[in-house]
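With the hints as extra help, turn the sequences into a complete structure.
For reference, the chains in residue letters:
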Amino acid sequence: MKTLQELARLVGGSVKGDPRTVVEGVNGLREAGPREIAFLTASHHRRHPDFATEAGALVVPPDLEDLDGPLLIASNPYEAFARIAQAFASPPFLETGVHPRAFVAEDALLGPEVRVGPLAHIGKGCEIGEGSRIYGSAYLGSDVRVGRHCLVHPNATILDGGRLGDRVIVHAGAVVGSDGFGFAQDAQGRHVKIPQQGFVQIDDDVEIGAGCTIDRATFGKTWIREGCKLDNLVHVAHNVTVGEHSILVAQVGISGSVRLGSRVMMGGQAGVVGHVEIGDGARVAAKAGVGRSVKPGEDVMGIPAVTQKEWLRAYGDFRRLPRLKEELRRLEKRLLQLEGAVKGQDDD
Amino acid sequence: MKTLQELARLVGGSVKGDPRTVVEGVNGLREAGPREIAFLTASHHRRHPDFATEAGALVVPPDLEDLDGPLLIASNPYEAFARIAQAFASPPFLETGVHPRAFVAEDALLGPEVRVGPLAHIGKGCEIGEGSRIYGSAYLGSDVRVGRHCLVHPNATILDGGRLGDRVIVHAGAVVGSDGFGFAQDAQGRHVKIPQQGFVQIDDDVEIGAGCTIDRATFGKTWIREGCKLDNLVHVAHNVTVGEHSILVAQVGISGSVRLGSRVMMGGQAGVVGHVEIGDGARVAAKAGVGRSVKPGEDVMGIPAVTQKEWLRAYGDFRRLPRLKEELRRLEKRLLQLEGAVKGQDDD
Amino acid sequence: MKTLQELARLVGGSVKGDPRTVVEGVNGLREAGPREIAFLTASHHRRHPDFATEAGALVVPPDLEDLDGPLLIASNPYEAFARIAQAFASPPFLETGVHPRAFVAEDALLGPEVRVGPLAHIGKGCEIGEGSRIYGSAYLGSDVRVGRHCLVHPNATILDGGRLGDRVIVHAGAVVGSDGFGFAQDAQGRHVKIPQQGFVQIDDDVEIGAGCTIDRATFGKTWIREGCKLDNLVHVAHNVTVGEHSILVAQVGISGSVRLGSRVMMGGQAGVVGHVEIGDGARVAAKAGVGRSVKPGEDVMGIPAVTQKEWLRAYGDFRRLPRLKEELRRLEKRLLQLEGAVKGQDDD
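Protein chains in written order, with our numbering: chain A, 1 to 348; chain Z, 1 to 348; chain X, 1 to 348.
Fair warning: there could be bad hints in the mix.
One copy or any two copies: either way a pair holds, since identical chains are not told apart in the list.
Unchecked claim - Straight-line Cα separation of at most 27 angstroms, DSS-like style, residue types lysine-lysine; simulated pairs: (1) 309 <-> 295; (2) 333 <-> 343; (3) 333 <-> 16; (4) 325 <-> 309.
FYI, nobody ran anything at the bench for these hints, they're computed from the structure.
Shown next, in the form of structure tokens:
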């Protein structure tokens, strides 16, 4: 329970209306009740000026400060709302302590306030930092290092040697540290496995979505750097580096040894071939197939991916194909008439 | 063990040949033995009029009623075959009762005939309806409600607050209720997590394929409505609604807040951007990338997806490009000749 | 610990330099230390003639035999390196024997040297061959047969009746034997499940990537034949056959009843519609959407997939569209002038 004033102080915003308004949680505009705060965007307000809500208060941008209160006015209201929501949120329930039905190797080192759920598996040599939670049925292999305040969800798998920074979240069913896909071919075209002896390092504040698979490096490390967010069912191959604060939307696939810069955005179901570089701040559209390196800041789309500008022009041309065909027909008709005319003159 | 007569009564079909023919199971046309019934389509019969089978009886459409018996003639023979197969089928083996090696929270409520396998996890506050089976190593978080006669397969994960109707099947490795992918950005371009406090509701007779991921809503619910069938590795983002009896083929991805109508069909590896609507009965082709709302009954394909009609025309034009190029060359030649002729006349 | 001479004998190569050079492991060129052997390709050497390494020895192709030793010269150096790496590698740690915290059905038959980790599940009627390892939290259903020297990783699921040959590797989170996606439709457009009563057979030396889903057959078997390698998150539907030594890169999807020949290569995120055949040695490009059968040895790409030759021509035409448009404009201009000229003559 917090007052609107406290929340405004938390996020650096200002209050309109009663600063002592009590807030017990956040909710959607439609779902919120009188003791909850909701979030209203300028665009939503424009489209629905007569919106109805029972929310006890609203987080709004400065251009909506004329609305009736109670309001919490913030220059980046979405971020403010996120931080307020975080202030009320707590991770999914897990009993304190290590559940007796968990398997924890004798030499595993668990920091203070670590919680381990029933049927979780903590292998030998693991180190788990303060306040981290390993939910029931999650699996940590041998020599896994987990930082502080991490969440490893049920049926997630962190294989041997995996390293997680602080505040990392690994969602259910995700796999960190599976073998990279590396094979030599013998003379008969059979595939000879290259043992994958590297590891996966995941830095602070990374979130790995449900069902993702992150392969260990052949040698060295596969590296997901600080603040990256991976949606569900994303595949990251061996020896990839994903730069800080990058976003990989659901079902993206990154082939081996690719280097993504920082703040890269990849849309859903996009893919990248191996051994290329995607520069800082580049954006790859959903479903794109990237077959070459992408420059910093570039926006690419299509299969194979080209710059957005090229793609839009080519797509426009493509859409105009029927018209092009018609123009050709018209030209031919005119040419035919002209040929007749010229022939007629000749015959004269 | 049933007689052909009993089966015909079960599915509303008629018998040709000995109605007392004993049937002990179903099988494929090639695999079936003399005490099994198989299914023969008119098109298969056309292509293979001299097909061989050792099946003791055949389910056939009315146009094949002239075949030698024993036959079970049904107007919708595929449905009849499915229902007969169901009459003989039973779910995968699971011992009766709750296995002592399962973890079941003390306050969990299990209905009659519920079975729980070894190493399954049933969290606090769960309610499981009559006859449902939670297979070994499956995970139910806190406050999960499972209806009657559901199957939750091994290593499937139903996270906190998930609600399943009756006869729901969740296949191995699927995740229901992972966090939605929602972030605000701060001034430094860092991603600030929006806590995802909604839930997932799955209605009666839904089937969730192996390795699927269904995210919980930010607020409110992600909703898979009655009779939907999701193939493997399908991704459904937060706040999506999938209408009744829709079909999502393998590796489909649905972005946040999308609303699918009823009886929508999405082909394999298709994707939809966020916040659009796909109308009742619409069909999205495999691999399509839907970037806008789709009208009821519309068939769309391509990336970005357009109506099938538009796509086919554009694709036809595309395939005719080489011819277009040639025609242009020919026109140019004719023009050149004509220019020569006209110049010649001028020179006269 | 092995000598360079021993390694050369192992892979059929020759030594340059001291044959008694001691090697304790393999590593990347940059990562390797003085007691490790690394791998150098001709192309890497060409691009980085002044490469630096602290490796104690190098595996090189014959064209690099002039380098300073110690060298292990091999005609297929990548294969040689793989085999050397294998000679030093061992599977991830797992304690010998069956862990008391595993669940193993009473009638399960475990061969000599089988290891079963904590919280693994071995159902009734399972048979596990010599030296195989079932890691902690892995799940084997009923009547699963696992050959010799297999690895089933954590949270992998082999459902009832699954059959694995020798030296099969199933990575974490993979599902083998989930129900195929088969439904009849009733008159109301509801989906009536066809019970899936077949099984999955995986032959010797197959590797199944993390998060893959392989559906059981409706009747008969889904069949992954000898030596196939599946990358992560690959979907294989019911009744598919994948021929020997085929490669399916990450996120590939194969629809029902497809037959892949031997040594087929499918690039990442490619998909195939149901009931077609892909011939021996065919190659399907990444992201391709195969809608028809592909001949042996054919290379196909695009959506819908066409031969590489066709695709490259069509794509070239597509890229030349702007030029085509310009040419058309130029022709029109010339035609207009000519029309004027002819009209002028007429007016004369």
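Structure versus earlier hints - violations, ascending order: Violated hint: only 3; rest satisfied.
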